[in-house]
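**Student:** When you get a sec, could you build the whole thing from the sequences and use the hints?
These protein sequences, in sequence, are chains A and B. Residue 416 in numbering that gives the first Met the number 0 sits at position 417 of the first sequence; the count goes up by one each step and never skips. Residue 40 in numbering that gives the first Met the number 0 sits at position 41 of the second sequence; the count goes up by one each step and never skips.
Just to be clear, a hint being listed does not mean it is correct.
[Claimed, not checked] Rough simulated footprint, nothing fancy, chain A against chain B, three-plus residues with beta-carbon under 8 Å:
# : stretch
1 : 47-61
2 : 128-136
3 : 155-166
Treat the hints as calculated values from the structure; they're not laboratory data. Please read all numbers here as calculations on a predicted model, not as lab measurements. C-beta: ideal position from N, C-alpha, C; glycine also.
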Amino acid sequence: MNKERLYESFKGIDDDILERSEKAALKKSRKSWVKWSALAACLGIIAIGIILSSKGIISNPFKDDSKACYASIVYYNGGEYGIIVPPPDNIELGKELGIVKQNLIGGKGVFVERDVKVISSTVLKPGDKIYELAGYNPEYRICGKRADGTLVCFERHMARGLAQKTPAAFFPGIPAVSKITICDNNPTQLGEITDSGQIQELLGLFTEEAKFIDPDEHYFMGGKESRRLYLTLADNSQTEILFYDKKVGHWMGYVTLPDGFWERIENCIIYEGGEDYLNYGALYAVIDYANYGYFDGYRVNSDYAMQPAWAVNGELRMGWFADGYTILAKDAAGFVRIENSDIWYLNTFGDVAHLRFWYPDDQATLYDAVMAGEELSGYVTVREVLYEGPFISLQVRNGIVWTLDERGILRRDGEQVADGVTCFALDPGGVTYGRKDGLFRLKSLDSRLIQLADENVTAVAPAGIKIYYATDSGEICRVRVDGAENTSVYHLPAVVMQYFYGDRKGALAILGSDGNGYLLYEESMLYLAAKNAAGIEVDPYGIVAILYQDGELEITWSSHEPERGGLYLRDTWLAQIAK
Amino acid sequence: MNDEQIIELYWQRNEKAIQTTKTKYGSYCRTIAYNILGNSEDADECVNDTWLQAWNSMPPQRPARLRMFLAKITRNLSFNNFKAKRAKKRGGGEIEIVLDELDECLADKSHVESAYQAKELGQSINQFVRTLSERDCNIFLRRYFFTESVADISERFRMTPNNVMVVLSRTRHKLKTHLEREGYTV
Chain A
0 MNKERLYESF KGIDDDILER SEKAALKKSR KSWVKWSALA ACLGIIAIGI
50 ILSSKGIISN PFKDDSKACY ASIVYYNGGE YGIIVPPPDN IELGKELGIV
100 KQNLIGGKGV FVERDVKVIS STVLKPGDKI YELAGYNPEY RICGKRADGT
150 LVCFERHMAR GLAQKTPAAF FPGIPAVSKI TICDNNPTQL GEITDSGQIQ
200 ELLGLFTEEA KFIDPDEHYF MGGKESRRLY LTLADNSQTE ILFYDKKVGH
250 WMGYVTLPDG FWERIENCII YEGGEDYLNY GALYAVIDYA NYGYFDGYRV
300 NSDYAMQPAW AVNGELRMGW FADGYTILAK DAAGFVRIEN SDIWYLNTFG
350 DVAHLRFWYP DDQATLYDAV MAGEELSGYV TVREVLYEGP FISLQVRNGI
400 VWTLDERGIL RRDGEQVADG VTCFALDPGG VTYGRKDGLF RLKSLDSRLI
450 QLADENVTAV APAGIKIYYA TDSGEICRVR VDGAENTSVY HLPAVVMQYF
500 YGDRKGALAI LGSDGNGYLL YEESMLYLAA KNAAGIEVDP YGIVAILYQD
550 GELEITWSSH EPERGGLYLR DTWLAQIAK
Chain B
0 MNDEQIIELY WQRNEKAIQT TKTKYGSYCR TIAYNILGNS EDADECVNDT
50 WLQAWNSMPP QRPARLRMFL AKITRNLSFN NFKAKRAKKR GGGEIEIVLD
100 ELDECLADKS HVESAYQAKE LGQSINQFVR TLSERDCNIF LRRYFFTESV
150 ADISERFRMT PNNVMVVLSR TRHKLKTHLE REGYTV
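**Tutor:** Okay, structure coming up:
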């Protein structure tokens with residue numbers, strides 16, 4: 000068999016699986032690059048708010064649905080309604096509104112043409128009934144009842160015919176809103192409003208002065224000004240106000256935003272950075288695409304030609320770990336970081352070294368050259384020692400060099416920022432560091448320093464709007480970036496920690512003081528990943544590298560699937576460790 | 000016109016079938032062809048051949064999913080076109096990189112393959128992708144069936160390109176293990 004034959008054999012894949020891959024991305028959220036109305040006409044867009052672990056998880060509504068490749072939609076009275084996830088608590092039905100006449104999924108899974116004169120749905124069957132949902136205007140929310148009695152709630156997300164009206168006509172009672180969670184488009188949580196007076200004022204402004212507009216003219220591009228507000232209602236369901244920019248948003252349909260509304264929301268933001276994937280790979284550095292600017296940023300060539308880099312036995316190696324590599328330097332100790340064509344690392348003297356690798360061809364050509372064993376050090380166009388150490392830790396972000404030495408001096412581009420520091424970590428919004436007297440965060444935006452905790456901190460791991468830290472008493476704690484909600488989450492003495500998404504439920508990679516490497520999922524599921532470890536490193540999905548105490552470096556990967564066996568690592572399933 | 004109605008036109012040997020298919024799926028098939036061939040002229044040629052092959056296939060076929068049926072025809076024709084032109088050292092889109100990636104899934108020694116084994120391989124691949132999580136499966140198929148670029152996949156699923164490549168790399172590793180276990184490679 001050759002690669003061509005393997006490629007051809009993919010034609011044996013079932014159509015339903017192929018079709019699912021086409022629909023998967025489109026159904027995820029409103030943050031689509033495609034014109035809203037055209038897409039809705041073809042598929043129906045589901046309104047799912049996906050919020051990170053600090054908010055609580057919204058379960059996948061398609062998990063139990065074998066026809067899960069279709070969005071869950073009801074068409075009623077000229078409106079299109081999407082499923083509400085999670086559903087409201089204690090659902091109470093009002094009067095019956097009608098009976099479903101058409102299911103939009105045909106007998107063989109084909110999406111059928113909709114009869115606009117009847118109530119139709121992708122998830123309710125003919126004969127199922129539609130009711131008012133107590134407490135809500137039926138032009139906003141309704142409830143379907145299946146033949147077996149199960150209830151499914153829907154919220155309108157297309158507001159055709161409502162132009163020039165305000166949301167006040169349909170909005171649930173403002174006192175029903177207990178919390179507004181502010182997120183960017185990712186969505187990464189940036190802030191939260193729980194003060195009832197503030198909620199009243201903001202939503203009063205929105206409901207009275209926002210206006211529905213023609214839905215055909217707006218494209219959501221997800222820019223820097225876009226925000227997602229998740230409003231928690233009295234029945235614990237959520238509704239979302241989406242800001243495309245400062246002027247236009249979406250709630251039920253496209254709306255113009257009141258003047259100053261966007262700015263008022265901004266004033267409530269406490270975390271400015273996005274939860275982009277920050278690879279501060281001490282062990283195994285990959286090119287940081289979050290900063291690479293793939294779509295609109297700086298690119299060296301028409302194709303990229305940087306590969307991951309790592310340090311072994313003094314060699315700075317770059318290439319394909321399992322297949323082959325080229326040696327760019329022979330004085331590397333570790334703490335490798337790549338941005339664009341620049342590589343920083345700590346050399347064997349503990350100095351910060353920097354080099355630039357400028358390869359004039361594409362990745363495929365680089366691969367051939369590396370595999371052929373060609374000498375490529377000639378493509379290193381800059382080679383220098385930036386700062387003389389010795390340093391014990393190095394991180395770089397946007398070309399700014401952060402170092403920590405044995406005396407505990409934390410420096411930014413060579414300038415002292417703090418002393419007595421035991422550990423530190425960067426995030427898009429600033430730097431967090433630990434000392435014997437506490438945990439501190441220095442914000443980039445306004446250089447404000449705040450103390451978040453007062454324990455003796457041994458490790459720190461930023462996680463967006465929250466920060467994890469370890470104490471010398473063996474506690475792993477979580478605190479918000481403004482110092483609120485400081486709580487202990489697990490007992491495990493740790494010397495290094497790194498947070499990763501873990502499918503957006505949140506997880507930590509931990510190097511324990513016992514010399515073992517662990518993964519802790521959702522603050523409760525602990526797995527032993529490696530014994531006799533000196534370092535453990537992750538990417539958004541799981542383990543990337545493990546450094547052992549004997550100096551061996553393992554590049555590997557893991558996948559967390561608790562329903563299938565636990566943690567998949569090195570081709571086996573690892574079970575949880577009892578707490 | 001829905002797909003069942005279009006298929007019925009083929010069965011009735013009504014030539015409107017081709018025009019309707021072209022209108023509905025022309026851009027779609029062209030995207031698949033272009034991903035593989037990398038140039039418009041060759042892509043158009045393959046898309047036109049797709050309509051002819053569809054006409055010749057229905058009847059007797061009555062596909063449950065017309066869109067995927069056409070996708071497979073276009074993909075097949077485009078890849079054959081690519082192989083023929085590669086021999087003459089012409090053109091090529093994303094396909095070369097995709098093939099090199101798939102090469103990682105093959106060990107040094109692979110069993111010689113009969114036509115029967117080729118069909119079995121397709122079934123084995125089908126079984127394999129069903130063991131994947133939905134996300135990983137979707138990404139894997141966008142790359143190795145639809146031959147989409149990493150950039151397009153990352154845009155489609157709102158991921159960074161690096162994350163997409165990590166997922167692909169891991170899934171290729173799993174496929175390699177699967178092929179070894181199934182005896183297709185040693």
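**Student:** If you check each hint against the structure, which ones fail?
**Tutor:** Violated hint: only 1; rest satisfied.
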